[in-house]
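K.L.:
Chain residues, written in single-letter form:
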Amino acid sequence: MSSVTYDHVVKRYTSDLTVVKDFNVEIADKEFMVLVGPSGCGKSTALRMLAGLETITEGQIRIGDRVVNHVAAKDRDIAMVFQSYALYPHMSVFDNMAFPLQMKKMSRSEIDKRVKQASGILGLDNFLKRKPKALSGGQRQRVALGRAIVRNPKVFLLDEPLSNLDAKLRGQTRVELQKLHRDLETTFIYVTHDQVEAMTMGDRIAIMNAGILQQVGAPGEIYDHPANLFVAGFIGTPTMNFVPVTMENGNAKASGFDVKLPKPVGADKGILGFRPEALTDRIQDDGSTLEIKVEVVERLGSDQFLYGTAGEDTITARVDPRMKVAPGDRARLGLDLRGIHLFDSQTEKALL
Amino acid sequence: MDLSLLLTDVPTLVVVIVGVPAVLGAYILGGEFLVRRLPDRARGSVRPWIWVAPALFFVTAFLVAPAIGTVFTSFQSHGGDWIGLTNYQRQLVDFPNGGAWIAIRNNLYWLVLYTLFVLFFGLLLAVLFDRVPYESVVKSLIFMPMAISAVALGVIWKFMFWYQPADAPQTGTLNAIVVNVFHQAPKTWLTDPNVNNFALIAAAIWGITGFSMVILSAALKGIPADLLEAARVDGAGEITIFRRVIFPLMMPTVVVVGTTLVIFALKAFDIVYVMTAGNFGTDVLANRMYKLLYQADNPGGASAVAIILLLAVIPVLIFNLRQFRAVEARR
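Taken in order, these protein sequences are the chains called A and B.
The numbering of the first sequence is numbering that gives the first Met the number 0, which starts it at 0 and goes up by one.
The numbering of the second sequence is numbering that gives the first Met the number 0, which starts it at 0 and goes up by one.
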């Protein structure tokens with residue numbers, strides 16, 4: 000149990016290849032922090048620096064109050080679950096889980112007790128004598144978790160642990176991991192490229208892109224108040240609509256519609272963003288409206304997605320499935336002003 | 000160069016270049032033609048034999064048949080009379096210093112020292128070079144002796160071990176070091192029965208370490224980096240990681256390389272032949288067999304030695320094949 004601090008951390012391989020740039024995050028004790036971003040954004044490197052598997056070029060990483068820059072991986076007292084699970088193929092499930100305890104020179108009876116306890120939690124009691132080869136993907140994943148749990152570590156690191164599971168198992172394991180976090184009361188740091196995992200599991204999310212931390216915050220906060228264009232586009236499916244606008248008298252003017260801005264901004268050009276669900280078929284008198292030419296309709300039962308254009312801009316809308324609309328129709332939709340965002344067209348930072 | 004000699008060989012050359020592929024082609028096409036005539040059910044079981052038959056023929060004609068012939072010869076006198084086990088008796092009766100016993104003792108030295116040291120050095124180099132920059136360059140250097148023929152290797156080391164009397168300049172590398180660095184009397188490396196066997200084995204080890212290193216290095220690279228990282232995070236030091244993770248995972252390969260080396264050790268001939276010709280107590284079975292056959296004109300004795308060697312190799316061979324199959328099955 001411990002907090003983790005990244006203090007101006009940089010990872011540079013060569014003078015022109017920097018994969019993590021000035022990374023600053025404080026992760027509280029017992030927090031579930033998710034590092035999310037597209038592949039190659041530096042999130043795994045950030046995690047591996049904390050684990051001691053990569054050196055830290057600049058800055059400090061602290062576990063609790065202890066600076067770990069020059070502490071060997073084996074002495075950091077953290078547990079890590081690898082994407083490939085990295086189970087020792089020549090050892091039984093029991094020995095795989097016992098290995099970190101043997102490294103701590105724990106007594107045989109204590110090892111036995113802890114492994115049995117972990118295998119009980121994870122439902123592995125009947126597989127303790129098997130080799131990893133004889134297990135299914137989901138079971139292997141649980142052994143990897145077990146190997147981490149038995150140690151009762153200060154920090155629990157998970158590097159894309161669900162990406163080798165099929166969709167159904169991934170959903171189940173997601174829930175189990177959250178339960179596990181609650182039961183273990185340990186700091187979890189979880190790396191993923193999957194924004195659904197990030198949104199559903201994290202107490203807080205740190206979004207990275209191209210080695211730079213974009214925004215840190217609770218899932219709802221990031222969803223509702225993205226700090227910049229990248230975060231706005233990365234979180235949410237289908238992605239947010241982005242429309243270039245010019246400002247006139249407190250109005251944002253797009254190619255096919257106008258929107259009254261809730262407060263004045265000091266820019267005459269920008270990018271207007273609104274999520275598909277900010278569009279609705281119920282039009283309020285005082286609200287903004289826009290007309291889209293519908294090209295594709297997707298009915299999902301619970302939702303209905305309309306893909307079309309307003310003026311020259313492509314628009315996606317998520318509307319009530321009972322709305323009657325067909326490809327080729329022109330549909331007038333209401334725009335909920337609480338759900339609009341405005342970004343600077345140069346810096347891409349949020350203006351509202 | 001006398002071109003006329005070459006010209007007289009032209010017909011042979013034509014037969015070889017045109018004839019051999021033609022015969023092979025005709026065999027394959029003809030075999031396939033005949034297989035097509037067979038009923039559907041028989042085809043699957045006949046076709047493999049068509050393809051395997053040439054190899055079977057060559058192995059039988061050039062390996063199995065001579066081996067059986069050797070067994071017969073080992074029970075016969077020079078004149079071709081059946082004399083039972085007399086040839087074996089002559090080789091084995093004078094324990095511990097007569098007949099084949101010196102060679103058997105030396106083969107045991109080879110078996111143990113050569114195998115263990117080559118495995119040890121191969122493993123050590125594979126693990127160490129895995130962590131250095133320019134790995135491929137260093138590994139190529141260690142592997143280089145493999146490109147030298149065993150005879151050339153023997154000649155090189157004969158010079159390395161060369162002896163000159165104490166008052167003469169030492170042209171052998173080792174004695175130059177002994178005399179000039181350690182200020183000792185030069186040693187007769189290849190004639191002193193206390194050291195010469197080890198000198199020969201050392202030369203052979205130098206020649207083959209690259210082989211063991213390259214194969215073990217490939218096995219080492221086959222271990223996923225994740226596993227080592229996981230072990231590090233689990234709190235294991237580098238030596239523990241080697242002992243508990245790397246070595247167990249390399250074990251099947253170590254066993255295959257080890258048994259191959261045992262067979263090499265039992266077959267040792269060329270280095271001994273070139274460097275000491277088996278004199279001064281350095282004889283090995285293969286060299287003894289050669290001497291008995293070509294120098295002593297004793298085919299019965301030579302065949303007996305050959306059979307003794309064959310019997311020693313067979314169990315290792317079987318074990319090696321089984322192990323190899325086990326490694327393949329694990330893939």
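Read the hints as simulated data drawn from the structure, not as lab findings.
Ideal Cβ positions, reconstructed from N, Cα and C, are used throughout, including at glycine.
Any given hint could be a false lead.
[Stated by the list, open to error] Okay, the calculated beta carbon distance ranges per label pair: (1) B:A325 with A:K178: 38 to 46 Å; (2) A:A133 with B:W100: 45 to 53 Å; (3) B:M250 with A:A217: 48 to 56 Å; (4) B:A224 with A:G255: 28 to 36 Å.
K.L.:
Does each hint fit the structure? Answer for all of them.
P.N.:
To see whether the hints hold, each was checked on the structure:
1. Hint check: B:A325 to A:K178, Cβ distance near 42 Å, so the stated range 38 to 46 Å holds.
2. At about 51 Å, the CB distance of A:A133 to B:W100 agrees with the hint of 45 to 53 Å.
3. Checked against the hint of 48 to 56 Å, the pair B:M250 and A:A217 passes, with Cβ atoms roughly 50 Å apart.
4. One distance hint, 28 to 36 Å for the beta-carbon pair B:A224 and A:G255, is violated here, with the actual separation near 53 Å.
Comparing the model with each numbered hint stated earlier shows that hint 4 is the single one that does not hold.
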